[in-house]
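If you read the sequence shown in the working numbering, its first letter stands for residue 19, the second for the next number, and so on.
A portion of the hints provided could be inaccurate.
Computed beta-carbon distance windows for the label pairs [as the list claims (entries may be wrong)]:
id, residue 1, residue 2, range
1, Ala107, Ser66, 43 to 53 Å
2, Phe62, Trp134, 17 to 27 Å
3, Leu113, Val84, 32 to 42 Å
4, Trp63, Pro106, 35 to 45 Å
5, Leu143, Leu92, 13 to 23 Å
6, Arg145, Gly24, 16 to 26 Å
7, Pro37, Trp128, 24 to 34 Å
8, Gly55, Met104, 27 to 37 Å
9, Val84, Gln138, 34 to 44 Å
10, Pro108, Trp35, 19 to 29 Å
11, Pro108, Trp141, 27 to 37 Å
12, Gln142, Pro37, 39 to 49 Å
13, Glu110, Met58, 27 to 37 Å
14, Val84, Met109, 19 to 29 Å
In case anyone wonders, no lab produced these hints; they're calculated from the structure. Note that beta-carbon positions come from the ideal geometry of N, C-alpha and C, so glycine has one too.
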Amino acid sequence: MRWEYGLGLLALIGSHWIPGRVTVSESALWFGGLVLGAGMLRDFWELSRGAEKGGPQAVAMCVESVVGVLAVLLGLLLVILSFASMLPAPMEASLPWAPLAGISLLFAGWVHDLVWVKQQGRWQLRRDPNHGSFVVHFFRGQADVCLLGPDGDSEHKKALEVGAGDGRAG
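Model the full assembly from the supplied sequences, consistent with the hints where possible.
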C-alpha cells in the first residue's frame, strides 16, 4: 500500500476526532498544497534512497504537479477575493480539514505516476512509474532532463537553434 493511501484513509477515518476547519475558498489552496507536498516528499524519498529512475523518454508533464499547481493558483485567487470581500457567502462556509487532507492524499497517491506525454505531435495521458522528477533531477544537476528529455532534444530547443541560425532569437 502506498503511504499516501494509508495517511489519507487514516485522515478520513479519524476525521471526527481531528480538529481544524478551513473555508471553502481556502480548500483549493490546501488541496493543491497537500498534493504538491506529497509529490515532493516522494521525490525527496527517492533522492535519499539513491533510486535512479529511468527518466522521461519524451517530454512529459506530471498530472500530480499540474493539478497541484492549478489548485494552488485557484486557491490563492479565492483567498485574495475573500480578503477583498468579493466572494459569495457560501464560499466562506467552514469545512472540516481532515476529510480534505484525506481526499488530497488519496488523489496524490492515485495520480503519482500519471503523465501527459507528447508523442508524434499529440498529447497522451498514460501511467509511467519511471517518469523523471524535476526535484530529483534538479538536485543531481540534471534539471534540463525534465525540460528537454533525456537526450536534450526537445521541440523548444530545436526552435531556439533554428531561430539562432538565421539571426532570430526564439
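A quick look at each hint next to the structure:
1. Ala107 - Ser66: 43 to 53 Å: holds (46 Å)
2. Phe62 - Trp134: 17 to 27 Å: Because 23 Å falls inside the window, the suggested range holds.
3. Leu113 - Val84: 32 to 42 Å: About 24 Å separates the Cβ atoms of leucine 113 and valine 84, which means 32 to 42 Å is violated.
4. Trp63 - Pro106: 35 to 45 Å: Cβ of tryptophan 63 to Cβ of proline 106: about 41 Å, so the range 35 to 45 Å holds.
5. Leu143 - Leu92: 13 to 23 Å: For leucine 143 and leucine 92 the Cβ distance comes to about 21 Å; the hint holds.
6. Arg145 - Gly24: 16 to 26 Å: holds (21 Å)
7. Pro37 - Trp128: 24 to 34 Å: Once the Cβ atoms are compared, 27 Å apart, the range 24 to 34 Å for tryptophan 128 and proline 37 holds.
8. Gly55 - Met104: 27 to 37 Å: This hint holds: roughly 28 Å between Cβ atoms.
9. Val84 - Gln138: 34 to 44 Å: violated (21 Å)
10. Pro108 - Trp35: 19 to 29 Å: holds (27 Å)
11. Pro108 - Trp141: 27 to 37 Å: holds (35 Å)
12. Gln142 - Pro37: 39 to 49 Å: Because 43 Å falls inside the window, the suggested range holds.
13. Glu110 - Met58: 27 to 37 Å: holds (30 Å)
14. Val84 - Met109: 19 to 29 Å: holds (24 Å)
In this structure, the hints that do not hold are numbers 3, 9, in rising order.
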